[in-house]
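Enquirer: Full structure from sequences and hints, please.
Now for the letters of each chain:
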Amino acid sequence: MEAAGCSSSRPPRRRRPEMLPPAPGSAGPSRPYMPSLCTNSKNPSTKCYGDRFIPDRSAMDMDMAYYLLTEPKKDQENEGMVPPAKQAYRRLLAEKFLGGRTRILTFRNKPPEPQGMLQQISAETQTSSQINPAKQHRKIPKFAERTLDAPGVVDDYYLNVLDWGSKNVVSIALENTLYLWNSSDSSTSELVTVDDDNGPITSVSWSCEGQHIAIGLNSSDIQLWDASSSRKLRTLQGVHESRVGSLAWNSNILTTGGMDGKIVNNDVRMRSHIVQTYRGHEAEVCGLRWSGSCQQLASGGNDNLVHIWDASMASSNPSLGHTRWLHRFNDHLSAVKALAWCPFQSNLLASGGGGNDRCIKFWNTHTGLCLNSVDTGAQVCALIWNKNEKELLSACGFIQKPLILWKYPSMVKLAELEGHTSRVLCLAQSPDGSTVASVAADETLRFWNVFGTPEALKPAAKTVHTGMFNSFSHIR
Amino acid sequence: MASRTVSKDIITLKGSAAIVSEFFGYAANSILYNRGVYPEESFARVKKYGLPMLLTQDEAVKTFITNLTSQLSEWLEAGQLQRIVLVIMSKAAGEVLERWNFNIVTDVEVVEKGVIKEKSDKEIMREIQAIMRQVNSCISFLPCLEEPCIFDVLAYTDAETAVPFTWVESDAKLIDNPQMVKLHSFDTKIHKVDTMVSYKVDDLDDDSYIASFEA
Numbered sequence: 001m002e003a004a005g006c007s008s009s010r011p012p013r014r015r016r017p018e019m020l021p022p023a024p025g026s027a028g029p030s031r032p033y034m035p036s037l038c039t040n041s042k043n044p045s046t047k048c049y050g051d052r053f054i055p056d057r058s059a060m061d062m063d064m065a066y067y068l069l070t071e072p073k074k075d076q077e078n079e080g081m082v083p084p085a086k087q088a089y090r091r092l093l094a095e096k097f098l099g100g101r102t103r104i105l106t107f108r109n110k111p112p113e114p115q116g117m118l119q120q121i122s123a124e125t126q127t128s129s130q131i132n133p134a135k136q137h138r139k140i141p142k143f144a145e146r147t148l149d150a151p152g153v154v155d156d157y158y159l160n161v162l163d164w165g166s167k168n169v170v171s172i173a174l175e176n177t178l179y180l181w182n183s184s185d186s187s188t189s190e191l192v193t194v195d196d197d198n199g200p201i202t203s204v205s206w207s208c209e210g211q212h213i214a215i216g217l218n219s220s221d222i223q224l225w226d227a228s229s230s231r232k233l234r235t236l237q238g239v240h241e242s243r244v245g246s247l248a249w250n251s252n253i254l255t256t257g258g259m260d261g262k263i264v265n266n267d268v269r270m271r272s273h274i275v276q277t278y279r280g281h282e283a284e285v286c287g288l289r290w291s292g293s294c295q296q297l298a299s300g301g302n303d304n305l306v307h308i309w310d311a312s313m314a315s316s317n318p319s320l321g322h323t324r325w326l327h328r329f330n331d332h333l334s335a336v337k338a339l340a341w342c343p344f345q346s347n348l349l350a351s352g353g354g355g356n357d358r359c360i361k362f363w364n365t366h367t368g369l370c371l372n373s374v375d376t377g378a379q380v381c382a383l384i385w386n387k388n389e390k391e392l393l394s395a396c397g398f399i400q401k402p403l404i405l406w407k408y409p410s411m412v413k414l415a416e417l418e419g420h421t422s423r424v425l426c427l428a429q430s431p432d433g434s435t436v437a438s439v440a441a442d443e444t445l446r447f448w449n450v451f452g453t454p455e456a457l458k459p460a461a462k463t464v465h466t467g468m469f470n471s472f473s474h475i476r
Numbered sequence: 001m002a003s004r005t006v007s008k009d010i011i012t013l014k015g016s017a018a019i020v021s022e023f024f025g026y027a028a029n030s031i032l033y034n035r036g037v038y039p040e041e042s043f044a045r046v047k048k049y050g051l052p053m054l055l056t057q058d059e060a061v062k063t064f065i066t067n068l069t070s071q072l073s074e075w076l077e078a079g080q081l082q083r084i085v086l087v088i089m090s091k092a093a094g095e096v097l098e099r100w101n102f103n104i105v106t107d108v109e110v111v112e113k114g115v116i117k118e119k120s121d122k123e124i125m126r127e128i129q130a131i132m133r134q135v136n137s138c139i140s141f142l143p144c145l146e147e148p149c150i151f152d153v154l155a156y157t158d159a160e161t162a163v164p165f166t167w168v169e170s171d172a173k174l175i176d177n178p179q180m181v182k183l184h185s186f187d188t189k190i191h192k193v194d195t196m197v198s199y200k201v202d203d204l205d206d207d208s209y210i211a212s213f214e215a
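Chains as they are written, first to last, in UniProt numbering: chain S, 1 to 476; chain B, 1 to 215.
Check each hint, because a few of them may be wrong.
[Stated by the list, open to error] Computed list of lysine-lysine pairs in BS3-like fashion (alpha-carbon distance at most 25 Å, straight line):
#1 S:Lys110 <-> B:Lys62
#2 S:Lys139 <-> B:Lys91
#3 B:Lys173 <-> S:Lys110
#4 B:Lys91 <-> B:Lys200
The set of hints was computed from the structure by calculation and includes no laboratory data. This one's a predicted model, so the numbers in the text were calculated from it and none came from an experiment.
Expert: Following this line, the structure appears as structure tokens:
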């Protein structure tokens, strides 16, 4: 107790026999007796009986070993290693008896924090932990970085008409036409216009490598296109009975969700492409997302349900009937379209409910427990996680500022982004994670630099600088 | 001539309180400088106690210490102050790393009856000088403060002391299992000040030292 007596100074070195690591080679009395398991080279006459796995116990003195193992523990207890409960009790006693006579006071206004010192230290020692505090002050732009016209975008909550491929190309379906917008050179191209019998396009999804694009149609057909050569690769027919509103890729598997409530895994390399069918939804499947590990599939439907499907649990034979879901969440009160797997915690899923529900819910998909639920006040259309920070962007319908950035897990609103004048339909995240594209019923496609440049990309910018200095030295 | 030397050796309660609070102001400055709580360049050198002392030029810190010493001398005059503790904490985690303890024992007779004591200024200064020298040399044994730190001051007063508006009650901000080093003390015959520093032991270093020593 420091408060009790300041005049009594302690011996400078603390006693801690229990914490000493046994020094190798030292055979002091505190070291428990351990018979050597390997053949003793010093004494060739001793035969080793046990084998590698079953040691010979004849040489062991079990009683002695037990005594030696347990003895130090008793010592500790006797010699003032006071259990925490007792310590707390002593402290309380001391406070009651000694503290009653004093009052510890401190200024309300704290002394100023050393400001300049922090920069100095972080400049001196380039450890990441000391740079982090400065990183917290990321400026979040409140307005869109770029706005593009999106005339004729179908104002339908249940469709997924926007995606951003890994090759930095944004694809957006406007009625019957699919447009590609290359974000590196800001060029626009038209990939395909489907005829009126098939259209409009109800869902768009880039494959993982960013080369191929899958298009779900109102007619229940699914088309696969090669984006670089603008060539149609194949059409998947007969998968669903009505429109295909949601798509998700898992390497070669294209998972499709239809208005018929079916979720189908299609292996796009195979002639008979239907690999699995998940039956669990009674109404249109409008949200489909594979987890980052590609082991779990989350699906949300117009029947207010969220299902988690385990890829390894699925039966490969479709004739066996339906594969059972791993988890079924029926806490949402409205259709669930917004689904987002957390990039930094593999079993965390965020889901957002429709107009009657208005909640963002967080799920542990291993245990199936709801971790948190937050009322956003409006229909949740889409959710996207920040890849670098624990933040979540939500797109809501029918409120003034439909895009809200949340801090996870506190769910404090960090920013509200202004611009869209009508409800946001879909969100898509750039491959580097910094920018989010949003398409809204006001027929605009807006780009928001909401998540900032990831830390990993910044050193790359630095090397450019050193290159510049190198050129200077060449001049001299 | 003789009368002048006599008058110099007389010390009143008020004078003693002024000496102690001034001492604490200088000690606090010295600790903040020596422990690197504020940047080196924000301190300026002055001569005091026959030693070069460093005083902060940072207005905010200056104001804080001035307010502190004026309140302390008020309490010292009333004989209500038992202890002053300057706490150094890590800025990020708020973990208490060092406590500079100034224990004050007040002569009750002086406060209650107004007895006047005798001790020469010179002697007191010499004692304070010894403490200041020790404070300056503490860097040699205190563990390095490797992260940005903040400080705070705790005043232990009598329980019946009224809490001024600008002050609040605080916990003791103790260090678990601290290492303590007692420094010199000084005595004005009215206030006796004991100085002690307690600090958090760097566990890792200590262990490796013992292990290597015994191996």
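Enquirer: Please list, smallest to largest, the hint numbers that this structure does not respect.
Expert: No hint contradicted; all consistent.
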